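Line by line, the protein sequences give chains P and C.
Take the first sequence: its position 4, counting from 1, is numbered 4 in our numbering, and each next residue is one higher.
Take the second sequence: its position 326, counting from 1, is numbered 326 in our numbering, and each next residue is one higher.
These are computed hints drawn from the structure, not numbers from a lab.
Source: prediction; values computed, not measured.
Backbone N, C-alpha and C fix where the C-beta goes; we use that ideal spot for every residue, glycine too.
Keep in mind that the hints are not guaranteed to be accurate.
[As the list claims (entries may be wrong)] Computed footprint of chain P on chain C; a stretch qualifies when at least three of its residues, placed anywhere within it, have a C-beta under 8 Å from a C-beta of chain P:
1. 118 to 125
2. 130 to 144
3. 448 to 458
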Amino acid sequence: MKQFCFTVRDPNGIHARPAGALSAFVKGLGCEVRIRNGEKEADAKRLLSVMALGARCGTMLTVTVSGDEEEKASHALQEFCEQQLGQTEAPED
Amino acid sequence: MDAQIALPRLLLQGIGISKSKTAGPLRFFLPKEQAQGQKRVASASDPSSEWKRLQAALEEAQRRSDALLLQARERVGEQEAEIFRIHGMLLSDEDLLDAMRREIERGLAAEEALQSAIRDFSILLRQLEDPYLSARVADLEDIAEQVRSALCGTAEYTLSADTPPCILVADDLSPSQTVLLDRSKLLGFVTFRGSANSHTAILARAMGIPALVGIGRIDPRYDGAFALLNAATGSLSICPAEEEKHIFFKAQEQERQITRDTGDSLRRLLHQPALTASGHRILLYANIGDASEVDAALSEGAEGIGLLRSEFLYLGLQGYPSEETLFQAYAEVATRMQGKRTVIRTLDVGADKQIPYFGLPREENPALGFRAIRVCLARPALFKTQLRAILRASAGGRLAVMLPFVISPEEVAQSRQLLEECKRELEAEGKPFDGGIEFGIMIETPAAAILSRELAGTVDFFSIGTNDLLQYTLAADRQNPLLAELCDRNTEPILRLIEMSAKAIHEAGGWIGICGEMAADLRLTQRFADLGIDELSASPPALLALRAKIAECR
Numbered sequence: 001m002k003q004f005c006f007t008v009r010d011p012n013g014i015h016a017r018p019a020g021a022l023s024a025f026v027k028g029l030g031c032e033v034r035i036r037n038g039e040k041e042a043d044a045k046r047l048l049s050v051m052a053l054g055a056r057c058g059t060m061l062t063v064t065v066s067g068d069e070e071e072k073a074s075h076a077l078q079e080f081c082e083q084q085l086g087q088t089e090a091p092e093d
Numbered sequence: 001m002d003a004q005i006a007l008p009r010l011l012l013q014g015i016g017i018s019k020s021k022t023a024g025p026l027r028f029f030l031p032k033e034q035a036q037g038q039k040r041v042a043s044a045s046d047p048s049s050e051w052k053r054l055q056a057a058l059e060e061a062q063r064r065s066d067a068l069l070l071q072a073r074e075r076v077g078e079q080e081a082e083i084f085r086i087h088g089m090l091l092s093d094e095d096l097l098d099a100m101r102r103e104i105e106r107g108l109a110a111e112e113a114l115q116s117a118i119r120d121f122s123i124l125l126r127q128l129e130d131p132y133l134s135a136r137v138a139d140l141e142d143i144a145e146q147v148r149s150a151l152c153g154t155a156e157y158t159l160s161a162d163t164p165p166c167i168l169v170a171d172d173l174s175p176s177q178t179v180l181l182d183r184s185k186l187l188g189f190v191t192f193r194g195s196a197n198s199h200t201a202i203l204a205r206a207m208g209i210p211a212l213v214g215i216g217r218i219d220p221r222y223d224g225a226f227a228l229l230n231a232a233t234g235s236l237s238i239c240p241a242e243e244e245k246h247i248f249f250k251a252q253e254q255e256r257q258i259t260r261d262t263g264d265s266l267r268r269l270l271h272q273p274a275l276t277a278s279g280h281r282i283l284l285y286a287n288i289g290d291a292s293e294v295d296a297a298l299s300e301g302a303e304g305i306g307l308l309r310s311e312f313l314y315l316g317l318q319g320y321p322s323e324e325t326l327f328q329a330y331a332e333v334a335t336r337m338q339g340k341r342t343v344i345r346t347l348d349v350g351a352d353k354q355i356p357y358f359g360l361p362r363e364e365n366p367a368l369g370f371r372a373i374r375v376c377l378a379r380p381a382l383f384k385t386q387l388r389a390i391l392r393a394s395a396g397g398r399l400a401v402m403l404p405f406v407i408s409p410e411e412v413a414q415s416r417q418l419l420e421e422c423k424r425e426l427e428a429e430g431k432p433f434d435g436g437i438e439f440g441i442m443i444e445t446p447a448a449a450i451l452s453r454e455l456a457g458t459v460d461f462f463s464i465g466t467n468d469l470l471q472y473t474l475a476a477d478r479q480n481p482l483l484a485e486l487c488d489r490n491t492e493p494i495l496r497l498i499e500m501s502a503k504a505i506h507e508a509g510g511w512i513g514i515c516g517e518m519a520a521d522l523r524l525t526q527r528f529a530d531l532g533i534d535e536l537s538a539s540p541p542a543l544l545a546l547r548a549k550i551a552e553c554r
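Only chain P is shown next, with the shape it has when bound in the complex:
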């Protein structure tokens, strides 16, 4: 299991388009990806769940990747999040 955190930088938060882009990206990874915002958690493949996280600009999200190629997938996902949604940070302990 791999974990990283990132802070949402899109001024509108993770609204429909970024949530859609994220879900589509995760579907291509072939790993189980879960995103946590405080007490809410979502399966990143599920668009409505991701939108329902209500992640606004400045929110820090924790992403957990698990599966066969989790190392590679986590790396790719982290890069995607950085470019499309915000800044990633060192994993929380």
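Using the hints, position chain C against chain P.
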């Protein structure tokens, strides 16, 4: 048709979407009436065949959505089409499918299961109290409508081939309906509900369709009645008098002429500074209502935003927006303007801009009533929420604060004091902001112009709001079509007030701009240049012509 002759003239106000004018017969499209014909009370057979029926409808809706995506890309543009990709994803979203399957297993029919699942997710999104996500409820309703029509086997709504060109009137339009509208039959559209932020509004803007949203219900007896739609002023005049039509058509013809005159050759001027022949630089800024207009402003060469109307963030809500909501909206504009100056006018409610939850008293003469800075100073908590949001957003761009409707130095002093209070609070909370944020006022009242010398010493800039200044100076309502020409002919008194203000602020070392409709009046550009006006701010479509005109000035 005869009955319509007896209907009285009706003047309605909504939110204008693209900035152009159109005229023609109204045609009502009220889906509820249409739905009655097709309503089929589904009785659930067994769950497994209901589920199959729903799956088939979802697939059908998915195909339509894919087709819409292609169509929208072609007709509107890649970015605007993106929403249909989202629709496609929603149609196959596991959460939504799970919820519908559960409902069907409980014994509901496909239609009811769909309805129930969409309703639950709509509630969930609304509970997040985020304006962007709440607006996505409209997308859920759109896909639900697609699936419903696939279940019933009915076709999409279209304007039939023998319909004459018309102004479409609907309760609300979905993005799908908007993109499918046949442009050759469509002069414009008006919706009872809707907001300036919706995807429908964004699509209409990108497609250049003159449109008004949020206009309120119109009596269906006006179906077929002739109407004048002015998206620039947000007004719809139904059954207008002959002279009103005449004035409208003349203005429309003038606008068309300007469009023809400008054309592509002007594009060459786009990113050069606007200089007169004698070398006076005039900053060309844009007037916008929200972040969605930033792109239009920049692509028309705006060097900044001279007027960001902040009222829209307060419209269409049940209660006051939070500091966070305002902050995010301002921060988005600040970021997207990439360091270019953005002047945010603080809240201007009252008069013709009423917002129910403000609970402002009804007034006999609202134009001279409790509005704008008067409301803000009477409700300092409300005002400070906005000032704090602007200050916080100023950390990410070059923002300026501008007070509307000032008549006295005391109002400026009180506002300044509140602004300083907000700065101290933010400092104590460790939240970043631009300590040197520019602070200015609008000159919209003769009082402010007359006192411009005193006022100039207390602010960094003035911006002339010519629409109100004109109405208060001439005692004539510019929106009244019978007075439009009178207003047009008598500009001299206002020009003298502008001259007075320009002198005062220049002596004090500040700058002066003009952000009312007069700023885009090419007949006045030379006068403004002569007065040493530093900045002209107009709606994005007017900027190119203005840039060309400045180059011709002495």
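Which numbered hints turn out to be false for this structure?
Number 3 - this is the single hint that the structure violates.
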